[in-house]
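Asker: One letter stands for each residue in the lines below.
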Amino acid sequence: MAFQTAVDIAKQVASGSLSATTVLEEHLSRITEREGEVHAFNLVTTESARATAQAIDESVAKGRPVGPLAGVPIALKDNMCTRGVPTTCSSKILEGWKPPYDATVVTRLAAAGAVFVGKTNLDEFAMGSSTENSAFGPTRNPLDTSRVPGGSSGGSAAAVAAGFSAASLGSDTGGSIRQPAALCGLVGVKPTYGVVSRQGLVAFASSLDQIGPFTHTVADAALLMEVIAGHDENDSTSLPQPAPSLTAVLDRGVKGMRIGRITDLPEGCEPEVLTRLDEAFETLRRAGATIVDITLPSLSYGLTAYYLVAPAEASSNLARYDGVRYGLRVDAPDLNAMYAATRSQGFGPEVKRRIMLGTYALSAGYFDAYYGKALKVRRLLADDFSRAYSSCDVILTPTSPTVAFKLGEKTNDPLTMYLCDVFTIPTNLVGHAAMSVPFGKGAHDLPVGVQVLAPALGEEQMFMVAAELERGR
Amino acid sequence: MSNATSAPSNSVALPDGWEMVVGLEVHVELDTKTKLFSASPNRFGDDPNTNIDPVTLGLPGALPVLNRRAVELAIRLGLALNCTVQASTFHRKNYFYPDLPKAYQISQYDQPINVNGYLMLPGDVKIGIERAHLEEDTGKSTHFGGSSGRIHGSDYSLVDFNRAGVPLVEIVSKPDIRNSDQARQYVAELRSILLAVGASDAKMEEGSMRVDVNVSVRRTGEPFGTRCEIKNVNSIRAVGKAIDYEARRQIDVLESGGVIRQETRHWDDAEGRTHTLRTKEDADDYRYFLEPDLVLLDPDTEWVDAIRASLPMLPAERRARLSTITGANKESEAVYVIVERGQDDYIATVADAGGDASRALVYVTQAFAEEGSTPRVPAADLARLTILERDAKVTATQAKTILSELVANGGGDAAKIAAEKGFEALDTSAVEQMVDDAIAAQPDAWAKYCAGEEKALGAIVGAVMKASKGKADGKVVTAILLSRKG
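Top to bottom, those sequences are chains A and B.
Taken in order, the first sequence gives residues 0 to 472; the numbers are from numbering that gives the first Met the number 0.
Taken in order, the second sequence gives residues 0 to 485; the numbers are from numbering that gives the first Met the number 0.
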């Protein structure tokens, strides 16, 4: 399926050769056609999208300047606040809640001329790897609807893969953009922690969460990054620097670059996935890069550390859903009973599991053994990466050990599900940048993604390599 | 009235061989325009739930951004308390309660901004300050129905989030306090410092200054005993009463063979006693961890130095200066009162204008209670009055009358007022004549006085005053009498 790219749409809309309304209607008609089977959205905002598209067309007609994303239909993961529009995190606990403000990324996209088509489905509060943990039912992979789109940003991935939007935003706490991108054959970016503002992103694990784009092409991803990245004074962890210039570096090639290959890669990958990875190295080598063997001994501890750090922060971040001020309240005779009833009915099983894990990990007497040790692993990982990056510029790994799996295949075994993120999680723990680029097909003719890892603020070299892989696939 | 003087002790003596050990935790609201992590106004007394925003309410996706002014005021306070200002972090203190919107309080934990300070009390008693850290206040719950005034058993509760997110500094003393007088002095001195540096309005009645008291007892020379924390201590007077009650209670328990359990107790001011609020066993596990939405707070040296340079003269230093100028004891009631009212600069100006600072201290203490730090009577006018009195041009009684005129009119020429009132001092020879007449008229009294009976003099002085219609200066009369006695 070849859908029009964001770069292409924006160029044509700005030049007046294509109307934003026409673009939108094409996307809306695909939604009408397939949304019933895919279920990418919690909400399609048809009317406001039409009004925005019309306003852009009027601006173009009157010769007023339009932004770099003029007329580009974009879907937002439903954990990003949209003023006056329900924001559910695919959870019953936020029932009826409408944020009184826009997330910073939403404000920036709107200013750039984006047309929001809707809020996409996710694993409840972004906890999951298949989008099966949504209170509103699972999203299906548009490439094979018996399979999952990955998660937690499965709705955002499916929306782009099905042509419901030209691009979308997801959030990535342990791989929630990159893994669904790989499973749906898309480009997905997890920027360096602090490059994109988290203001207005409903928190899962604050020290790991980062917003990024899903697109069909590396150039589209670069364009979106340039719009959403850059300092935001409303997020204290936002890095004090402007958005990186990425569209300008895509044609530079990889001559002389050093590409790290992990020799002690964790096991469990499908053979086709490893074959595609080898081919990716070969593509880069032929383009003039050098392949460097590296080791990351603490890599396999990442998963364990993540499942202490992320639930610990989540247990605190999700404590505010207490039925007192907004969202669901289940009445009960006294305060503690109201808390218990509201949270028992409002949260799904995976969210409850992680709240319990995290609460336990932070408890007096267990803190040092669990949370404290996880923080040590984070430092070990950071040390390992900094050693590795002394001999290479980027590292290539698989994004996901497998191609898209069947719905229900892993829901009964949380640990198997957690293993989906073994390659993506370490990046979040150290706050680095990473992206998934489609690179050929694996089992069942389903897409395989290759992951490009870069050090903090290494977005330029990461995009240069991603662009080369795209050209060489 | 000041509680920080060396005025007579209100402490209740403990039984022989016992000693109390007290530490105080004082929360003060910082006097900022906006909240600690958001732009909502920090203002007391507004309609409920008007000073709120997404951060205050803990709405999903809202993030905290630290208020620079709050940090500056915390550093000012820390420096005034002789603390070391250091790089610091924020933690989350997790617990559920309806007036805690995020279900965690952002507070400084193991790396507070100010550490290792001290505060001086009368008699050169040094009380250590463990730490003075930043944190956010909670909202305010009001419970309706039920008997306890607490949430359990109430019919319904209302929450006002105006106070949620207001910046607080918690000042934790070392367990250096040994009696309730010192505790009251500590709170009063801390309050003076807060006002002096402009960190807080420190009103205990409005809750912008709140004191929790930790009390334990031990037999002299033994290690620290188990402590109890007392909450709801809402005035300086209550601080003293609660401590004395609690120390006595603990001694009674121990002397009757019992043990003290670590617990939080509630001070009931009407009953004058403490009650168990919760024991250590039901204490929350706050699951502290580093707040991931904030970064390291590391104030640069230049900023801290600039804040240090901008600090005003602190109360202790001002009392020492006033004591030097006036000759009054630096721990006297008058010196405390004047510095607390901020009228010490005024007295210094009176002295600079050539006035008698010691007389000025008395005048200002007595007559300027309603005046602020800049009394309406010009310092030069008051200076002239003190000179008139010192030079015996008017009597003390007359001076008081003139002072009332000055206060009523916001100033004036003391000499002119004295003239208008016919206060010009009598010619010394005329007074001598009156004294001699009075001695002649009351020979018995004079003989008794000469024989050493001091109080016999009263009758003679009284006669002189009567003859002079009160215009004779008592000091002059006494001097003449002494000379006659030979």
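Since the hints were derived computationally from the structure, they do not count as laboratory data.
Keep in mind that the hints are not guaranteed to be accurate.
As the list claims (entries may be wrong) - For lysine-lysine, the following BS3-like pairs were computed, each having C-alpha atoms within a straight-line distance of at most 30 Å:
1) B:K279 - B:K399
2) A:K372 - B:K92
3) B:K415 - B:K470
4) B:K92 - A:K91
5) A:K372 - B:K202
6) A:K351 - B:K202
7) B:K392 - B:K202
8) A:K405 - A:K375
9) A:K351 - B:K230
Quantities reported herein were computed from a predicted structural model and do not represent experimental measurements.
Asker: Each hint should be assessed against the structure and marked as holding or not.
Answerer: The hints, checked one at a time:
For a cut-off of 30 Å, the pair hint linking K279 of chain B to K399 of chain B is broken: about 60 Å separates their Cα positions. For the given pair, K372 of chain A sits about 20 Å from K92 of chain B by alpha-carbon distance, which is consistent with the 30 Å threshold. Under the criterion of a C-alpha separation no larger than 30 Å, the hint pairing K415 of chain B with K470 of chain B is consistent with the structure, at around 16 Å. This hinted pair checks out: K92 of chain B and K91 of chain A have alpha carbons roughly 26 Å apart, not beyond 30 Å.
Taking the CA atoms of K372 of chain A and K202 of chain B, the gap is about 45 Å. The hint is violated against a cut of 30 Å. Only pairs whose Cα atoms come within 30 Å are accepted, and K351 of chain A paired with K202 of chain B is rejected, the gap being roughly 44 Å. Distance restraint check for K392 of chain B and K202 of chain B: the Cα-Cα separation of roughly 45 Å exceeds the 30 Å cut-off, and the hinted pair is therefore not satisfied. Restraint check: the Cα-Cα separation between K405 of chain A and K375 of chain A comes to about 36 Å, which exceeds 30 Å; the hinted pair is violated.
Distance restraint check for K351 of chain A and K230 of chain B: the Cα-Cα separation of roughly 35 Å exceeds the 30 Å cut-off, and the hinted pair is therefore not satisfied.
Hint compliance for this structure: hints 1, 5, 6, 7, 8, 9 are broken, all remaining hints hold.
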